[in-house]
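Colleague: Each chain, letter by letter, is given below.
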Amino acid sequence: MTAPAIANAALDDATAVSAHPAQEPVRATRDSRPLRLITCGSVDDGKSTLIGRLLWDTKAVKEDQAATLQRDSNGKQNDLGLPDFALLLDGLQAEREQGITIDVAYRYFSTDKRSFIVADTPGHEQYTRNMATGASTADLAVLLVDARVGLLEQTRRHATIATLMGIRQFVLAVNKIDLTNYDRARFEQISHEFKELALSLGVRQVTAIPVSALKGENVVYDGSGSMPWYDGPTLIEVLELATTRSAQTVGFRLPVQRVSRPGESFRGYQGTVAGGSVKPGDSVVILPSGMVANVTKIVTFDLVRNAAVAGDAITLVLDRQVDVSRGDMIAAIDSQPMTGLAFDAQLVALQPEGIQPGKRYWLKSGSRRQRVQVQPASQLDLKTGKWNHADELPMNAIGKVHLFFDEQAIFDAYEQNRTTGAFILIDPDTNNTVAGGMITAKRAALGGIHAEESRVILSLPADLADQLMATELFAGRREDVEVRRVNAGKAAEIIDAIDG
Amino acid sequence: MPHNLPETELHNPQSTKPPLDPHLKALENEAIHIFREVAAEFERPVMLYSIGKDSSVLLHLARKAFYPGRVPFPLLHIDTGWKFQEMIAFRDEMVEKYDLDLVVHTNPRGAAENVTPFSHGSALYTDIMKTEALRQALDAGQYDAAFGGARRDEEASRAKERIYSFRTPDHRWDPRNQRPELWNIYNGMIRKGESVRAFPLSNWTEVDIWRYIQAEEIPIVPLYFAKKRPIVERDGMMILAEDPRLELLPGEAKREEVIRFRTLGCFPLTGAIRSGATTLNDIISELETATVSERQGRAIDRDQSGSMEKKKREGYF
Ligand SMILES: Nc1nc2c(ncn2[C@@H]2O[C@H](COP(=O)(O)OP(=O)(O)OP(=O)(O)O)[C@@H](O)[C@H]2O)c(=O)[nH]1
Ligand SMILES: [Mg+2]
Numbered sequence: 306m307t308a309p310a311i312a313n314a315a316l317d318d319a320t321a322v323s324a325h326p327a328q329e330p331v332r333a334t335r336d337s338r339p340l341r342l343i344t345c346g347s348v349d350d351g352k353s354t355l356i357g358r359l360l361w362d363t364k365a366v367k368e369d370q371a372a373t374l375q376r377d378s379n380g381k382q383n384d385l386g387l388p389d390f391a392l393l394l395d396g397l398q399a400e401r402e403q404g405i406t407i408d409v410a411y412r413y414f415s416t417d418k419r420s421f422i423v424a425d426t427p428g429h430e431q432y433t434r435n436m437a438t439g440a441s442t443a444d445l446a447v448l449l450v451d452a453r454v455g456l457l458e459q460t461r462r463h464a465t466i467a468t469l470m471g472i473r474q475f476v477l478a479v480n481k482i483d484l485t486n487y488d489r490a491r492f493e494q495i496s497h498e499f500k501e502l503a504l505s506l507g508v509r510q511v512t513a514i515p516v517s518a519l520k521g522e523n524v525v526y527d528g529s530g531s532m533p534w535y536d537g538p539t540l541i542e543v544l545e546l547a548t549t550r551s552a553q554t555v556g557f558r559l560p561v562q563r564v565s566r567p568g569e570s571f572r573g574y575q576g577t578v579a580g581g582s583v584k585p586g587d588s589v590v591i592l593p594s595g596m597v598a599n600v601t602k603i604v605t606f607d608l609v610r611n612a613a614v615a616g617d618a619i620t621l622v623l624d625r626q627v628d629v630s631r632g633d634m635i636a637a638i639d640s641q642p643m644t645g646l647a648f649d650a651q652l653v654a655l656q657p658e659g660i661q662p663g664k665r666y667w668l669k670s671g672s673r674r675q676r677v678q679v680q681p682a683s684q685l686d687l688k689t690g691k692w693n694h695a696d697e698l699p700m701n702a703i704g705k706v707h708l709f710f711d712e713q714a715i716f717d718a719y720e721q722n723r724t725t726g727a728f729i730l731i732d733p734d735t736n737n738t739v740a741g742g743m744i745t746a747k748r749a750a751l752g753g754i755h756a757e758e759s760r761v762i763l764s765l766p767a768d769l770a771d772q773l774m775a776t777e778l779f780a781g782r783r784e785d786v787e788v789r790r791v792n793a794g795k796a797a798e799i800i801d802a803i804d805g
Numbered sequence: 004m005p006h007n008l009p010e011t012e013l014h015n016p017q018s019t020k021p022p023l024d025p026h027l028k029a030l031e032n033e034a035i036h037i038f039r040e041v042a043a044e045f046e047r048p049v050m051l052y053s054i055g056k057d058s059s060v061l062l063h064l065a066r067k068a069f070y071p072g073r074v075p076f077p078l079l080h081i082d083t084g085w086k087f088q089e090m091i092a093f094r095d096e097m098v099e100k101y102d103l104d105l106v107v108h109t110n111p112r113g114a115a116e117n118v119t120p121f122s123h124g125s126a127l128y129t130d131i132m133k134t135e136a137l138r139q140a141l142d143a144g145q146y147d148a149a150f151g152g153a154r155r156d157e158e159a160s161r162a163k164e165r166i167y168s169f170r171t172p173d174h175r176w177d178p179r180n181q182r183p184e185l186w187n188i189y190n191g192m193i194r195k196g197e198s199v200r201a202f203p204l205s206n207w208t209e210v211d212i213w214r215y216i217q218a219e220e221i222p223i224v225p226l227y228f229a230k231k232r233p234i235v236e237r238d239g240m241m242i243l244a245e246d247p248r249l250e251l252l253p254g255e256a257k258r259e260e261v262i263r264f265r266t267l268g269c270f271p272l273t274g275a276i277r278s279g280a281t282t283l284n285d286i287i288s289e290l291e292t293a294t295v296s297e298r299q300g301r302a303i304d305r306d307q308s309g310s311m312e313k314k315k316r317e318g319y320f
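Chains Z and H, in that order, give the protein sequences.
Under this note's numbering, the first residue of the first sequence carries the number 306, and numbering increases by one thereafter.
Under this note's numbering, the first residue of the second sequence carries the number 4, and numbering increases by one thereafter.
Bound-form chain Z, shown alone:
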């Protein structure tokens, strides 16, 4: 279907849209987990319109909902006579009045190939916390850019937050391409700029697509009628082929949610497996106490199971009386998480008060909630991509911090385990969630020293060291570095001791 033909497919004539010859979406077979995706990008770039269009073209909009949409679009119709697809997402009164998205909307749709959970997030900087909410669970991000405007600071912020939260697959939707007269050079320029940004964030998997969300070009139906120069996939084709987040790589983890004691004879530990797998007979360690036990049974409502894997909600029975309570972690004895009183993390500050140095927050990770003191170290400058020294983090800042606990904390690095490496901070004064964070490493007692095997000790002539320390790269990571000035003899002594 060509663009004008789609444009003519008015709402009350829904059959005109469904008469498209190629793809007649059928129900998903559901033999796999759904793909979780978000839309993100700056204000008004067309995120909600794009998802609305996706729902529309995959027939996820029912007749009565279409009639409501038509009624609500009245008077707000664009020159093309198309409904305001964003209204399918912007369901709050305040959003409709202002024509913006305030909070995430979750929607569900499917094609014949798979099912999808999509979170449409707001573009306004003020509501970055709601974008982060959507990003935390996503497998893929569709980042929108207005073809007329190009990349903005907010585009960079969203791309960065999405990457920090572990998203490694991006679709760059260069939207409103219809308003540039389908300008190929413009599309290529923006794609190039974004790919550079993505590379600097460590993301390799980027598909750039020229899109008109409003007209539905290259969303579900291809836009070759108006963009013969583009021969890549449509958005839905990319989504159908995307991968869900791969399984966690570390050993067995069970954050204990509650202890079940229905009678004298039964004592089980209930929780959701957050990594690895478990079977009867396995030896496990209870953290933070360090006590050891063996698994005797995995109990579920559907009889006793002979194994459980990551994601399963189970009840575990151990072979001996050990002290286990909510917030403890039962873990594989031969592949344990890190425990300690100090960790390094990256976080996004989500509330107007920002993150204050020295303030004691509640930290919740899995089922464990404990007191923490947060010491900001640096903040990401979105314009330059550099980490600058920071003593506190304002709202929406992306920062590196040190965490200091009163009691033992238990984590994996977020890169290794998205469940046991993630946490939120809660302000004890307001009870509000003020940050979302990702553990990078455990901090040893000596400031600045990180996890095993991640450090190098160099012994350099002082003048060479001074030159190195003057470079930009060094300045950006000053707080990660431990520098001692010693004489040559002392240096040899230290290094010999390590090798010895």
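Honestly, I wouldn't trust all of these hints.
[Unchecked claim] Distance ranges between label pairs, derived from CB positions:
1) Z/K367 with H/K231: 25 to 33 Å
2) Z/L484 with H/E220: 52 to 60 Å
3) H/L252 with Z/R566: 52 to 60 Å
4) Z/R566 with H/P22: 22 to 30 Å
5) Z/G404 with H/Q145: 13 to 21 Å
6) H/R47 with Z/G404: 37 to 45 Å
7) Z/K367 with H/A92: 26 to 34 Å
8) H/R112 with Z/P567: 35 to 43 Å
9) H/G196 with Z/L484: 45 to 53 Å
10) Z/R625 with H/R112: 14 to 22 Å
11) H/Q145 with Z/R566: 44 to 52 Å
12) H/A143 with Z/V454: 50 to 58 Å
[Claimed, not checked] Lysine to aspartate or glutamate pairs mimicking EDC-like chemistry, simulated, CA-CA at most 20 Å apart:
13) Z/K418 with Z/D607
14) H/K313 with Z/E402
15) Z/K602 with Z/D624
16) H/K28 with Z/D607
[Unchecked claim] A few chain H residues that face chain Z, going by a derived Cβ cut-off under 8 Å, partial list only:
17) P25
18) I35
19) A42
20) R66
21) G72
22) A159
23) S160
24) K163
25) R179
26) P183
27) W186
28) I188
29) K231
30) T294
31) S296
Think of the hints as simulated: they come from the structure by calculation, not from any bench.
Yeah, the Cβ is synthetic: ideal placement off N, Cα and C, and Gly gets one too.
With chain Z fixed as given, assemble chain H with the ligands onto it according to the hints.
Modeller: Chain H with the ligands only, in chain Z's frame:
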């Protein structure tokens, strides 16, 4: 110690039911996780039980979550006095069969003033007999957390709601200022008087509910299955005509039709659909080709766009 067990070996050979498909399994796991988290973090949780299909799934999941223990909180039914008779019978049967604690509440003011859907109109009636009644019951029980079976795919303002949805002491929802909710880490910290509504079925769709009911053999109210029933047509809806309190208006006539219900609420406000679906298989295939959404049959949702949000802000579930 990764075991890399093949998928099939993970299932107990003694179990008669085939394993759930991964999609439903993931939804079930998520719901159980939420149930356990709320039960552990709050002092006085309660589960809203409306007797419909979503409530039936919710109850089944609660039983699974706390097995081999009992469901560690009561069920709360807000009885408007205008529910389908079969719903009340079904409710009492479930309570008996599964050894549950049930609290039933009817708004005494509404009952005294004889507030009915006929005399007061659907909006005011819902406000008094459902929203106000719910607030009364939650206050009386001093519940600090209430489970509900709402799904995000039901309606545009629901699509915006968190899994832990914070409420002020007067039960208000502020959709513009929801707490961020990252990963599956839920913030259950509240002050005295405040509460949280928890929605374990947030990410389920209507088809998921039916497919799960089928896979898990969950009992539901028979009104969901097609049968010849007496009806009367009113305001473009087919209303069940078996309760003697339903007075026929001039020009109305009772007749029999093969019908069923896609959602269940108060009988005078719930429209039936013409359907021959007598089995779960029939219902699922009917749904997969359905061209209208499930809330279409509900009078209270049709008043205006945003009417659900308005009701929710005031404390409706
Ligand atoms: N011509 C044209 N207009 C578009 C296109 N996509 C979106 N728009 C219009 O751009 C405006 C903003 O669209 P939205 O979808 O609300 O933007 P958004 O990115 O969701 O905005 P926020 O969520 O508030 O950040 C609306 O008026 C849309 O109709 C497009 O492809 N072409
Ligand atoms: Mg939007």
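Colleague: Hint by hint, say whether it matches the structure.
Modeller: Consistency of the hints with the structure:
1. Z/K367 with H/K231: 25 to 33 Å: Between Z/K367 and H/K231, where Cβ atoms are some 27 Å apart, the hint holds.
2. Z/L484 with H/E220: 52 to 60 Å: holds (54 Å)
3. H/L252 with Z/R566: 52 to 60 Å: Holds - the Cβ-Cβ distance for H/L252 and Z/R566, about 58 Å, lies within 52 to 60 Å.
4. Z/R566 with H/P22: 22 to 30 Å: holds (29 Å)
5. Z/G404 with H/Q145: 13 to 21 Å: violated (42 Å)
6. H/R47 with Z/G404: 37 to 45 Å: At 42 Å between Cβs, range holds.
7. Z/K367 with H/A92: 26 to 34 Å: Given range 26 to 34 Å: holds, Cβ gap about 32 Å.
8. H/R112 with Z/P567: 35 to 43 Å: For Z/P567 against H/R112, whose Cβ atoms are near 40 Å apart, the range 35 to 43 Å holds.
9. H/G196 with Z/L484: 45 to 53 Å: holds (51 Å)
10. Z/R625 with H/R112: 14 to 22 Å: violated (57 Å)
11. H/Q145 with Z/R566: 44 to 52 Å: The hint (44 to 52 Å, Cβ to Cβ) is violated, given that H/Q145 and Z/R566 are roughly 25 Å apart.
12. H/A143 with Z/V454: 50 to 58 Å: holds (55 Å)
13. Z/K418 with Z/D607: violated (30 Å)
14. H/K313 with Z/E402: With a Cα-Cα distance of about 14 Å, the restraint between H/K313 and Z/E402 holds, given a limit of 20 Å.
15. Z/K602 with Z/D624: OK: Z/K602 and Z/D624 at ~9 Å, within 20 Å.
16. H/K28 with Z/D607: Holds, at roughly 12 Å.
17. P25: holds (6 Å)
18. I35: holds (4 Å)
19. A42: With Cβ-Cβ at 6 Å, under 8 Å, it holds.
20. R66: holds (7 Å)
21. G72: holds (4 Å)
22. A159: holds (3 Å)
23. S160: holds (5 Å)
24. K163: holds (5 Å)
25. R179: holds (6 Å)
26. P183: holds (4 Å)
27. W186: holds (5 Å)
28. I188: Holds, about 5 Å.
29. K231: violated (26 Å)
30. T294: Cβ of H/T294 sits 5 Å from chain Z, so the hint holds.
31. S296: Nearest chain Z Cβ about 4 Å off; hint holds.
Going through the hint list in order, the structure does not satisfy hints 5, 10, 11, 13, 29.
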